[in-house]
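Q: Chains A and B supply the protein sequences, listed in that same order. Numbering-wise, the first sequence is residues 1 to 412 according to my numbering. Numbering-wise, the second sequence is residues 1 to 412 according to my numbering.
Calculated directly from the structure, the hints in this document are not laboratory data. Check each hint, because a few of them may be wrong.
Per the computed footprint, the stretches of chain A lying under chain B, defined by three or more beta-carbons under 8 Å from a beta-carbon of chain B, are [as the list claims (entries may be wrong)]: (1) 46-55; (2) 85-99; (3) 123-137; (4) 189-195; (5) 205-212; (6) 243-257; (7) 364-373.
On the chain B side, residues computed to face chain A include the following (Cβ under 10 Å) [said to hold, decoys possible]: (8) I119; (9) G169; (10) L395; (11) L398; (12) H411.
Cβ atoms here follow ideal geometry from the backbone N, Cα and C, with glycine treated the same way.
Protein chains: 2
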Amino acid sequence: MTEFFQVLTPAAAWQRLTEHYQPRPTAELLPTVDALDRFLAAAPAAPHDLPEFRRSTVDGYAVRAQDTFGASPGLPAFLEVVGEVAMGQDADVPVGPGQAAIVHTGGMIPEGADAVVMIENTQQADAHSIEVLAAMAVGENVIQVGEDVRAGEELLPAGHRLRPQDIGGLLAVGVTEVQAARRPRVAILSTGDEVIPPDQRPGPGQVRDINSYTLALLAQRAGAEPVPFGIIPDQRAALEQAVRAAVDTCDIVVLSAGSSVSYRDMSVDVIGAMGEPGILAHGLSIRPGKPTIVAVAEGKALFGLPGNPVSAMVLFDLLVSAAIRLAVGADPFGALKPQVQARLARQIASAAGREDHIQVRLEARAGELWAVPVFGKSNLIYTLVHADGVVRVPLDSLGLEHGAWATVTLHQ
Amino acid sequence: MTEFFQVLTPAAAWQRLTEHYQPRPTAELLPTVDALDRFLAAAPAAPHDLPEFRRSTVDGYAVRAQDTFGASPGLPAFLEVVGEVAMGQDADVPVGPGQAAIVHTGGMIPEGADAVVMIENTQQADAHSIEVLAAMAVGENVIQVGEDVRAGEELLPAGHRLRPQDIGGLLAVGVTEVQAARRPRVAILSTGDEVIPPDQRPGPGQVRDINSYTLALLAQRAGAEPVPFGIIPDQRAALEQAVRAAVDTCDIVVLSAGSSVSYRDMSVDVIGAMGEPGILAHGLSIRPGKPTIVAVAEGKALFGLPGNPVSAMVLFDLLVSAAIRLAVGADPFGALKPQVQARLARQIASAAGREDHIQVRLEARAGELWAVPVFGKSNLIYTLVHADGVVRVPLDSLGLEHGAWATVTLHQ
Numbered sequence: 001m002t003e004f005f006q007v008l009t010p011a012a013a014w015q016r017l018t019e020h021y022q023p024r025p026t027a028e029l030l031p032t033v034d035a036l037d038r039f040l041a042a043a044p045a046a047p048h049d050l051p052e053f054r055r056s057t058v059d060g061y062a063v064r065a066q067d068t069f070g071a072s073p074g075l076p077a078f079l080e081v082v083g084e085v086a087m088g089q090d091a092d093v094p095v096g097p098g099q100a101a102i103v104h105t106g107g108m109i110p111e112g113a114d115a116v117v118m119i120e121n122t123q124q125a126d127a128h129s130i131e132v133l134a135a136m137a138v139g140e141n142v143i144q145v146g147e148d149v150r151a152g153e154e155l156l157p158a159g160h161r162l163r164p165q166d167i168g169g170l171l172a173v174g175v176t177e178v179q180a181a182r183r184p185r186v187a188i189l190s191t192g193d194e195v196i197p198p199d200q201r202p203g204p205g206q207v208r209d210i211n212s213y214t215l216a217l218l219a220q221r222a223g224a225e226p227v228p229f230g231i232i233p234d235q236r237a238a239l240e241q242a243v244r245a246a247v248d249t250c251d252i253v254v255l256s257a258g259s260s261v262s263y264r265d266m267s268v269d270v271i272g273a274m275g276e277p278g279i280l281a282h283g284l285s286i287r288p289g290k291p292t293i294v295a296v297a298e299g300k301a302l303f304g305l306p307g308n309p310v311s312a313m314v315l316f317d318l319l320v321s322a323a324i325r326l327a328v329g330a331d332p333f334g335a336l337k338p339q340v341q342a343r344l345a346r347q348i349a350s351a352a353g354r355e356d357h358i359q360v361r362l363e364a365r366a367g368e369l370w371a372v373p374v375f376g377k378s379n380l381i382y383t384l385v386h387a388d389g390v391v392r393v394p395l396d397s398l399g400l401e402h403g404a405w406a407t408v409t410l411h412q
Numbered sequence: 001m002t003e004f005f006q007v008l009t010p011a012a013a014w015q016r017l018t019e020h021y022q023p024r025p026t027a028e029l030l031p032t033v034d035a036l037d038r039f040l041a042a043a044p045a046a047p048h049d050l051p052e053f054r055r056s057t058v059d060g061y062a063v064r065a066q067d068t069f070g071a072s073p074g075l076p077a078f079l080e081v082v083g084e085v086a087m088g089q090d091a092d093v094p095v096g097p098g099q100a101a102i103v104h105t106g107g108m109i110p111e112g113a114d115a116v117v118m119i120e121n122t123q124q125a126d127a128h129s130i131e132v133l134a135a136m137a138v139g140e141n142v143i144q145v146g147e148d149v150r151a152g153e154e155l156l157p158a159g160h161r162l163r164p165q166d167i168g169g170l171l172a173v174g175v176t177e178v179q180a181a182r183r184p185r186v187a188i189l190s191t192g193d194e195v196i197p198p199d200q201r202p203g204p205g206q207v208r209d210i211n212s213y214t215l216a217l218l219a220q221r222a223g224a225e226p227v228p229f230g231i232i233p234d235q236r237a238a239l240e241q242a243v244r245a246a247v248d249t250c251d252i253v254v255l256s257a258g259s260s261v262s263y264r265d266m267s268v269d270v271i272g273a274m275g276e277p278g279i280l281a282h283g284l285s286i287r288p289g290k291p292t293i294v295a296v297a298e299g300k301a302l303f304g305l306p307g308n309p310v311s312a313m314v315l316f317d318l319l320v321s322a323a324i325r326l327a328v329g330a331d332p333f334g335a336l337k338p339q340v341q342a343r344l345a346r347q348i349a350s351a352a353g354r355e356d357h358i359q360v361r362l363e364a365r366a367g368e369l370w371a372v373p374v375f376g377k378s379n380l381i382y383t384l385v386h387a388d389g390v391v392r393v394p395l396d397s398l399g400l401e402h403g404a405w406a407t408v409t410l411h412q
């Protein structure tokens with residue numbers, strides 16, 4: 001029986017990984033409207049100012065601010081109305097001293113004017129003139145040229161993951177194509193002689209494959225292209241051939257191995273045979289998930305995850321998703337993880353020197369959010385199904401008290 | 001000039017909406033593997049126990065617990081090893097009194113055995129027997145039949161949005177198809193004579209369409225099928241025809257109107273002409289986003305959102321996404337919103353009776369997370385692009401102090 005021979009903290013394992021795994025993102029040109037959730041391979045710059053003309057933020061009258069100085073309801077300023085700026089049109093009604101032009105929200109400010117007085121601060125004096133009831137500062141209610149963004153300005157940094165509003169911001173300045181990082185290919189392999197496809201009826205001793213699907217969907221969410229390799233027979237030659245094909249064709253290889261020692265031993269052997277530098281960590285000081293393998297071969301990152309679904313998901317979230325972000329040029333731990341604060345409904349014990357990841361269900365009780373640990377063996381998929389998120393107990397902690405506030409990272 | 005005639009709090013507007021908007025989700029059968037992020041229209045039940053046979057959680061020996069009572073390193077129990085349970089196979093090595101069978105993690109427990117002793121707690125005595133160094137309780141290291149889930153048990157409730165681990169849980173019991181709620185069709189209409197498509201170069205007074213794209217992507221994320229209606233000319237007949245077509249073919253209609261009073265008036269007229277009960281709120285006590293219209297006609301929900309991108313997004317997040325969840329049978333406000341706690345880098349003033357939504361950027365400073373308000377006119381799309389999330393100041397608050405802890409709901 002092989003013992004774990006390179007037990008590291010998760011942070012130390014990541015550190016060793018990144019000494020050897022240094023992927024370079026490659027770019028592909030995409031229509032901006034199709035680039036939601038993609039990572040930018042290059043920082044786009046603004047082709048022109050936004051807006052390119054001064055715009056009004058209110059409905060009212062474009063004026064020369066100095067004509068309104070000292071104006072008040074008791075001492076209004078009288079201005080001649082010389083015309084109206086039509087929406088979407090050039091503002092061809094110059095405003096001279098003592099003059100005003102009707103302008104709508106978003107409309108162009110005509111030449112000569114330098115402020116807009118809201119319609120609420122005016123009164124019609126006669127058919128062609130108004131009373132202004134308030135003094136305007138220069139620039140008041142005006143969006144200046146380039147106030148949203150300046151020509152040449154970096155719109156978003158490389159490595160940024162595009163959200164709906166980012167797509168809007170790019171389109172606003174006519175950036176209809178972007179350089180996106182190619183999605184890293186993540187090979188997903190399952191092993192185990194007891195594992196069968198989900199559409200088959202298990203016989204005695206058999207279980208359906210879960211991890212191939214769960215891990216592929218997690219990879220997709222993290223921004224990768226999952227490449228399913230299916231269930232690999234538990235024979236050294238078959239496993240070696242499949243992992244070799246994965247290393248050759250993908251950027252990241254995730255092996256969800258059977259949990260028994262003999263499977264683990266075979267995984268270690270096969271992963272270790274893929275090339276230099278080989279295995280970097282075998283065993284992590286984490287629960288669940290101790291029997292994890294981290295390796296690099298031929299510039300590719302390889303992860304041997306425990307076969308049980310809870311451990312596999314915890315380790316995926318911790319290491320594989322960070323490796324995916326590294327491969328697209330993003331800050332590996334820069335994702336703003338969705339979190340809530342909640343009080344612990346039960347005490348959680350931990351051991352110093354071990355990081356614990358506790359699955360929890362959230363419950364609202366008398367206006368407070370409580371995190372109820374879902375205690376289940378990590379072999380049970382419904383531990384995850386019943387969990388809303390996870391509470392991390394750090395390496396140096398001995399546990400968390402009942403009632404203590406904890407940060408819950410939500411499953412999405 | 002028409003004043004807002006039905007100013008309500010956001011909560012009151014939602015209340016009025018739900019009195020009249022009571023959609024019934026319709027179901028469609030989908031392969032489970034394709035149902036990520038879909039909402040369940042019906043609660044699936046487990047077709048059988050999971051697991052269907054007792055499994056070991058460790059590598060070791062299946063034993064009869066009573067044979068190990070009192071066993072310790074100083075007084076080991078001697079057991080005869082009668083065979084090995086192969087993975088994925090029926091456990092055809094019955095364990096009698098004084099006997100043990102080799103079993104691997106995940107392997108089937110043979111008849112007669114009721115516990116598994118970890119290999120670490122055993123020693124080889126001779127070729128056919130072992131010493132057990134610890135007493136086992138009945139059921140120790142064993143997953144019982146149905147311990148993960150029981151036959152007939154509801155696996156997930158109707159209205160639940162499927163996550164990767166949920167797909168895994170369904171596949172684990174062979175549920176390879178699910179009844180998913182049909183994605184509600186959300187019509188997206190933009191208006192404004194100044195608005196042009198993003199691939200065109202704006203002339204004087206013109207701006208590119210942003211909201212059609214941003215709102216469509218937000219609708220998609222919320223679980224709907226966005227139906228783009230494009231930019232509608234600002235003529236009453238054209239607008240009425242487009243909104244009518246949207247009401248006839250979609251479940252929810254979102255009109256992003258120009259912000260000027262004349263546009264708003266036309267939107268109110270057209271939306272109000274669509275049918276009973278018509279306009280339910282015109283003007284919300286919220287900033288930004290006051291000029292919002294909420295209506296129901298022919299059982300469909302209609303929203304007239306302000307044309308400026310920041311208001312449009314705030315109101316979409318607040319009302320439209322909740323309406324989408326209602327349409328799929330989910331708890332409208334049950335989405336676990338991704339949030340972080342951060343300290344405010346600037347004081348925020350508010351008015352009682354008005355809800356404020358402040359866009360913020362997050363910054364780590366000396367180990368603490370700070371929320372820096374992105375002060376920009378709500379007409380500026382880059383206010384949103386530079387924001388990581390939003391801080392809500394409730395109706396009854398007069399603002400938040402510098403340095404106070406605030407909840408930031410993250411943009412995703």
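Q: Mind checking the CB of B:I119 against every CB in chain A and telling me if the closest is under 10 Å?
A: Since chain A brings a Cβ to about 7 Å from B:I119, closer than 10 Å, the hint holds.
Q: Would you say the segment 189-195 of chain A counts as covered by chain B, given the rule of at least 3 residues with C-beta under 8 Å?
A: As far as the segment 189-195 of chain A goes, the hint holds, because 4 residues have Cβ atoms under 8 Å from chain B.
Q: Measuring from the C-beta of B:L395 to each C-beta in chain A, is the shortest one below 10 Å?
A: Hint violated; B:L395 Cβ to chain A Cβ min 17 Å, cut 10 Å.
Q: Counting residues of the segment 123-137 of chain A that have a beta-carbon nearer than 8 Å to any beta-carbon of chain B, does the count reach 3?
A: Not satisfied, violated; 0 residues make the cut.
Q: According to a criterion of three or more residues whose C-beta lies within less than 8 Å of a C-beta of chain B, is the segment 205-212 of chain A covered?
A: With 7 residues in contact (Cβ-Cβ under 8 Å with chain B), the coverage given for the segment 205-212 of chain A holds.
Q: Do the numbers back the hint for B:G169, that is, is its least Cβ distance to chain A under 10 Å?
A: holds (4 Å)
Q: Just to make sure I understand the rule, a stretch counts as covered if three or more of its residues have a C-beta closer than 8 Å to a C-beta of the chain. Does the segment 364-373 of chain A meet that for chain B?
A: violated (count 0)
Q: Would you settle whether the hint for B:L398 is holds or violated, based on the nearest Cβ-Cβ distance to chain A being less than 10 Å?
A: This interface hint is violated because 22 Å lies over the 10 Å limit.
Q: Is the interface hint satisfied for B:H411? The criterion is a beta-carbon contact with chain A at less than 10 Å.
A: Check passed: Cβ of B:H411 comes within 6 Å of chain A, closer than 10 Å.
Q: How does the coverage statement for the segment 243-257 of chain A fare against chain B, requiring three or more residues with Cβ below 8 Å from a Cβ of that chain?
A: violated (count 0)
Q: Closer than 8 Å Cβ to Cβ for three or more residues is the test here. Does the segment 46-55 of chain A pass it with chain B?
A: holds (count 5)
Q: Please check whether the segment 85-99 of chain A has three or more residues whose CB lies within less than 8 Å of a CB on chain B.
A: Per the Cβ count (7), the hint holds.
The structure does not agree with the numbered hints 3, 6, 7, 10, 11 stated previously, though it agrees with the rest.
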